[in-house]
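Same order as they appear, the protein sequences are chains V and S.
Letter by letter, the first sequence follows residues 10 to 518 of the numbering used here.
Letter by letter, the second sequence follows residues 10 to 518 of the numbering used here.
Treat the hints with care, since some could be wrong.
Identical chains blur together in the list; that is why a pair holds if it fits in one copy or across any two.
As the list claims (entries may be wrong) - Only pairs whose alpha carbons sit at most 30 Å apart, straight line, appear in this in silico DSBU-like list of lysine-lysine:
1) Lys352 x Lys375
2) Lys442 x Lys490
3) Lys276 x Lys72
4) Lys158 x Lys375
5) Lys354 x Lys417
6) Lys222 x Lys83
7) Lys352 x Lys417
8) Lys222 x Lys48
9) Lys72 x Lys158
10) Lys281 x Lys375
11) Lys72 x Lys83
Keep in mind the hints are simulated off the structure, nothing from the lab.
Treat the numbers as computed from the prediction; the structure is a model and nothing was measured.
The residues making up each chain are set out below.
Protein chains: 2
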Amino acid sequence: MGEAEKAAKQEKQEGQEKQDKREKQDKQKQKKVESLPSKANFSEWYHELIQRAELMDVRYPVKGLYVWFPFGFKLRQLVYGKLREIMDRDHDEVYFPTLIPETELGKEGEHIKGFEDEVYWVTHGGLDELDVKLALRPTSETAMYPMFKLWIRSHTDMPLRVYQIVNIFRYETKHTRPMIRLREITSFKEAHTVHRNFEEAEEQVKMAIGLYKEFYDFLGIPYMVIKRPEWDKFPGAAYTIAFDTIMPDGKTMQIGTVHHLADNFAKTFEIKYETPDGDHSFAHQTCYGISERCVAALISIHGDDQGLVLPFEVSPVQFVIIPVLYKGKEEVVMEASREIESKLKKYGYRVVLDDSDERPGAKYYKWELKGAAIRIEIGPKEVESREITISFRDEKKKSKISVVELTKENIEKWAAEMKKRLRNKALGFMKEKVRYFDAINDIKEWVGEGVALVHFCMSEDCAEVIEKDTSAGILGSFEEKGEWFEGNLEGECIVCGGRGVLSAISKAY
Amino acid sequence: MGEAEKAAKQEKQEGQEKQDKREKQDKQKQKKVESLPSKANFSEWYHELIQRAELMDVRYPVKGLYVWFPFGFKLRQLVYGKLREIMDRDHDEVYFPTLIPETELGKEGEHIKGFEDEVYWVTHGGLDELDVKLALRPTSETAMYPMFKLWIRSHTDMPLRVYQIVNIFRYETKHTRPMIRLREITSFKEAHTVHRNFEEAEEQVKMAIGLYKEFYDFLGIPYMVIKRPEWDKFPGAAYTIAFDTIMPDGKTMQIGTVHHLADNFAKTFEIKYETPDGDHSFAHQTCYGISERCVAALISIHGDDQGLVLPFEVSPVQFVIIPVLYKGKEEVVMEASREIESKLKKYGYRVVLDDSDERPGAKYYKWELKGAAIRIEIGPKEVESREITISFRDEKKKSKISVVELTKENIEKWAAEMKKRLRNKALGFMKEKVRYFDAINDIKEWVGEGVALVHFCMSEDCAEVIEKDTSAGILGSFEEKGEWFEGNLEGECIVCGGRGVLSAISKAY
Numbered sequence: 010m011g012e013a014e015k016a017a018k019q020e021k022q023e024g025q026e027k028q029d030k031r032e033k034q035d036k037q038k039q040k041k042v043e044s045l046p047s048k049a050n051f052s053e054w055y056h057e058l059i060q061r062a063e064l065m066d067v068r069y070p071v072k073g074l075y076v077w078f079p080f081g082f083k084l085r086q087l088v089y090g091k092l093r094e095i096m097d098r099d100h101d102e103v104y105f106p107t108l109i110p111e112t113e114l115g116k117e118g119e120h121i122k123g124f125e126d127e128v129y130w131v132t133h134g135g136l137d138e139l140d141v142k143l144a145l146r147p148t149s150e151t152a153m154y155p156m157f158k159l160w161i162r163s164h165t166d167m168p169l170r171v172y173q174i175v176n177i178f179r180y181e182t183k184h185t186r187p188m189i190r191l192r193e194i195t196s197f198k199e200a201h202t203v204h205r206n207f208e209e210a211e212e213q214v215k216m217a218i219g220l221y222k223e224f225y226d227f228l229g230i231p232y233m234v235i236k237r238p239e240w241d242k243f244p245g246a247a248y249t250i251a252f253d254t255i256m257p258d259g260k261t262m263q264i265g266t267v268h269h270l271a272d273n274f275a276k277t278f279e280i281k282y283e284t285p286d287g288d289h290s291f292a293h294q295t296c297y298g299i300s301e302r303c304v305a306a307l308i309s310i311h312g313d314d315q316g317l318v319l320p321f322e323v324s325p326v327q328f329v330i331i332p333v334l335y336k337g338k339e340e341v342v343m344e345a346s347r348e349i350e351s352k353l354k355k356y357g358y359r360v361v362l363d364d365s366d367e368r369p370g371a372k373y374y375k376w377e378l379k380g381a382a383i384r385i386e387i388g389p390k391e392v393e394s395r396e397i398t399i400s401f402r403d404e405k406k407k408s409k410i411s412v413v414e415l416t417k418e419n420i421e422k423w424a425a426e427m428k429k430r431l432r433n434k435a436l437g438f439m440k441e442k443v444r445y446f447d448a449i450n451d452i453k454e455w456v457g458e459g460v461a462l463v464h465f466c467m468s469e470d471c472a473e474v475i476e477k478d479t480s481a482g483i484l485g486s487f488e489e490k491g492e493w494f495e496g497n498l499e500g501e502c503i504v505c506g507g508r509g510v511l512s513a514i515s516k517a518y
Numbered sequence: 010m011g012e013a014e015k016a017a018k019q020e021k022q023e024g025q026e027k028q029d030k031r032e033k034q035d036k037q038k039q040k041k042v043e044s045l046p047s048k049a050n051f052s053e054w055y056h057e058l059i060q061r062a063e064l065m066d067v068r069y070p071v072k073g074l075y076v077w078f079p080f081g082f083k084l085r086q087l088v089y090g091k092l093r094e095i096m097d098r099d100h101d102e103v104y105f106p107t108l109i110p111e112t113e114l115g116k117e118g119e120h121i122k123g124f125e126d127e128v129y130w131v132t133h134g135g136l137d138e139l140d141v142k143l144a145l146r147p148t149s150e151t152a153m154y155p156m157f158k159l160w161i162r163s164h165t166d167m168p169l170r171v172y173q174i175v176n177i178f179r180y181e182t183k184h185t186r187p188m189i190r191l192r193e194i195t196s197f198k199e200a201h202t203v204h205r206n207f208e209e210a211e212e213q214v215k216m217a218i219g220l221y222k223e224f225y226d227f228l229g230i231p232y233m234v235i236k237r238p239e240w241d242k243f244p245g246a247a248y249t250i251a252f253d254t255i256m257p258d259g260k261t262m263q264i265g266t267v268h269h270l271a272d273n274f275a276k277t278f279e280i281k282y283e284t285p286d287g288d289h290s291f292a293h294q295t296c297y298g299i300s301e302r303c304v305a306a307l308i309s310i311h312g313d314d315q316g317l318v319l320p321f322e323v324s325p326v327q328f329v330i331i332p333v334l335y336k337g338k339e340e341v342v343m344e345a346s347r348e349i350e351s352k353l354k355k356y357g358y359r360v361v362l363d364d365s366d367e368r369p370g371a372k373y374y375k376w377e378l379k380g381a382a383i384r385i386e387i388g389p390k391e392v393e394s395r396e397i398t399i400s401f402r403d404e405k406k407k408s409k410i411s412v413v414e415l416t417k418e419n420i421e422k423w424a425a426e427m428k429k430r431l432r433n434k435a436l437g438f439m440k441e442k443v444r445y446f447d448a449i450n451d452i453k454e455w456v457g458e459g460v461a462l463v464h465f466c467m468s469e470d471c472a473e474v475i476e477k478d479t480s481a482g483i484l485g486s487f488e489e490k491g492e493w494f495e496g497n498l499e500g501e502c503i504v505c506g507g508r509g510v511l512s513a514i515s516k517a518y
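Same shape as in the complex, but just chain V (with noise of 0.2 Å):
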């Protein structure tokens, strides 16, 4: 063999050898495409469907910082949008400084005191040392606050609404997790009102509560509406009314809170205005919020084993179609598909049709995984009898309609339908993982996996009394009971008989 000779059978030899490498790497990729845990293990299916669905990247560089992907960042835009949607009917939309100095940030003593562990602080700009400090916001009523001092001036100046939608920072130092515990909460939604008197910010905290069902609602999460006790209150607030959800592991999730602010801020912030007696009175403020953990939730809840389940309207991928090709017909049957495709974006939904040459198993397979709300499979059998293979992400069954049944009017029928479903089912399973107790032995064994229900008085001592026994916490008291429960809302305390509130203790997020 010649020199000439070898080397070409040598390139040839590397050639392939490249060849079966990348074979390799495809079938690998391939393979751990089709491994996402099964939800039973949630932490890991969570972990994995966060990063394959292409929610965000977990590899950032920094602990509990994490990287929105293209479509993670649609799913969030779609809630998001609904959330200003409900919003902007009664609240103005504004942005105010990420970086609060440490004197505004220190004025309010129970404030600081609740944040000042997990603030991160700004030293240094360039080579300088900075003579005050800068936080990066963990919330924003100390950069808020200062501002309101000189917008409310007379009585006629309230209510005042606004609400941003910001970056927040906490320094956490537990295990943190994307969406769910983070050093960078990317997308906080938060509202601060200013009203005369406690009694008209009250009204406001139960307005408040109201658009908060309605954004949980429209999503198909179900909530437990609990007055935090004492002790776990937002610091410097009179009270703190929480939504939470139940977890598929058993635990809660605070995902939502409402705080009444009484005048506590107001007397340090000076907010102060003339009423119309010429008096001047401190004005009564409320706040609340809800950060990206509605979409943790939202993928928690409704996911299964196969990956994302979406309510219709938030689904990045309303429609997925896919073209079932056999020789000879590939025309006919893609021309069906791109008709069918354009008459669903003229309606004004987002669809993809899945054209690629992977096989059709790998295509249905891919868009569980992300969630596509409704299926459409179109073969020549179909294209001959002007029908559609039609399927919901929720449902195991495949059904065949008529393409001209697919009207505008249909479809809305069809979405509604599907998160009626959703939330039915994850309500069945709230009721499942909540369960009533009368006495403080059998809880410990429940909690872990669910939320035990109890009567309870709301004193620390008697909390103390739980948290060792159960190695749970007191979540709070129940502002209204749901249907999962058929006894009072009053009755004797669990640890010590005295007069008690229906409570719930969990495992917590």
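Given the structure of chain V, go ahead and fit chain S onto it with the hints provided.
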């Protein structure tokens, strides 16, 4: 006089004093509202307009940080909505973390040299000192590119085109100014792309220039497309092309930049890909950004002594309807006003029906200040003849039209005409502010009033001569000739007589 009577009298007197005080305050407020400085004093005009038109509150207690009022926030959303629409065609929106570890920020030598003086450093979390200092992103190359390394494996992964709209931070030691020179830039649109080679990245540079032209043409803002000199390019870039506009005071302002990064960052962050032949190559990159200076330019260039003048499409108030009420005719006028309001809202426009108690003059003043694009007045006479009085914010004249002429088609035509008028006026101003020089001596007097065009060799030595002699800087060389210059792109350098290209000298923001 009895005690009770005295007390009553005193109370009445105090009441009267308070009443007087309130009225006096109201008058002062009124007076303050009425005295917007002339635009001839640009700096003062800008500062006052920002506050009074309720764009930003400049009273936040940290230098260089400002608050977006609801009205300003709406304007910002409308402007960025257009930018998003343009970007969304070919780019995916993403979100990367705000905090960049020192180890990543410092990797690219030129880049860190360019930013080390103006980066804010987070050094503490709670009471703990951090192991690795975290920078607040001054721009996101070093946050994104370690991830791009993971995202790009094969030639088929390119082009990658993403963008985000985020807050970025610069420790500015110079004089700060809302939307122009900030410590927190609240709305930085930054796009980042990855390509297979230098040429494909260069195509992207051209595409980006095209997109930015479309954006600024939409806003009616004239620009110069200028290649920055070597010593003024983006730290780490192969070259930088900037959009500069001329502000009312004759200084130039950079309102967008496009950078060709070649493989500089790719080499640092190991962004490599496998070619079709199985070889490995470094990717080539571009990045391009626009900050809220686009809003600053919009306000500054179109505004007048009465306040904001905005293109119809981005005006937060596209129509203001002012009912002119005469006794006995109030109801018919209000009814006709509401009818028009509802018609315009049905078309999808942003409409305010100002039925407040203020005098019509005060209303005109207010809505001129806020740049309502089209004003409609309706009085009893108009109701009778089924007419309305209409005027455009940029014109001084009013005209009567029949109500039936208020069609969507006509409105769009008027909006287009208004845009054309704004653009032509701005372009006329720009032409006046640009002057060609072939001798260095005359330049010094001119710059500060406007931009000096010269032929220039782009050497640093010659630039030093110019800076010394004119107290102004070389902005760069023109990528393309504007309408304002008849001569050649090439010519003799004004300093050394060597081969030169058409260049701009200016004082810059």
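Results for each hint:
Taking the shortest Cα distances, Lys352 and Lys375 sit within 30 Å of each other inside one copy (23 Å), while across copies they are farther apart (46 Å). For a Cα distance limit of 30 Å, the shortest separation of Lys442 from Lys490 inside one copy, 15 Å, qualifies, whereas the shortest one across copies, 71 Å, does not. For the identical chains of this complex, Lys276 and Lys72 are inter-copy neighbours only, at 25 Å across copies versus 38 Å inside a copy, given an alpha-carbon limit of 30 Å. Taking the shortest alpha-carbon separations for Lys158 and Lys375, only the inter-copy value of 24 Å comes in at or below 30 Å, while the best intra-copy value is 53 Å.
Taking the shortest Cα distances, Lys354 and Lys417 sit within 30 Å of each other both inside one copy (11 Å) and across copies (24 Å). For the homomeric pair Lys222 and Lys83, the shortest alpha-carbon distances inside one copy (23 Å) and between copies (27 Å) are both at most 30 Å. Taking the shortest alpha-carbon separations for Lys352 and Lys417, both the intra-copy value of 10 Å and the inter-copy value of 26 Å come in at or below 30 Å. Taking the shortest alpha-carbon separations for Lys222 and Lys48, only the intra-copy value of 27 Å comes in at or below 30 Å, while the best inter-copy value is 49 Å.
Within a single copy, Lys72 and Lys158 get their C-alpha atoms only as close as 38 Å, which misses the 30 Å cut-off; across copies the closest is 19 Å, which meets it. Within a single copy, Lys281 and Lys375 get their C-alpha atoms only as close as 57 Å, which misses the 30 Å cut-off; across copies the closest is 27 Å, which meets it. When the C-alpha separation of Lys72 and Lys83 is checked against a cutoff of 30 Å, the pair qualifies only within one copy, where the shortest distance is 24 Å, while the shortest distance between copies is 35 Å.
Of the numbered hints listed earlier, not one is contradicted by the structure.
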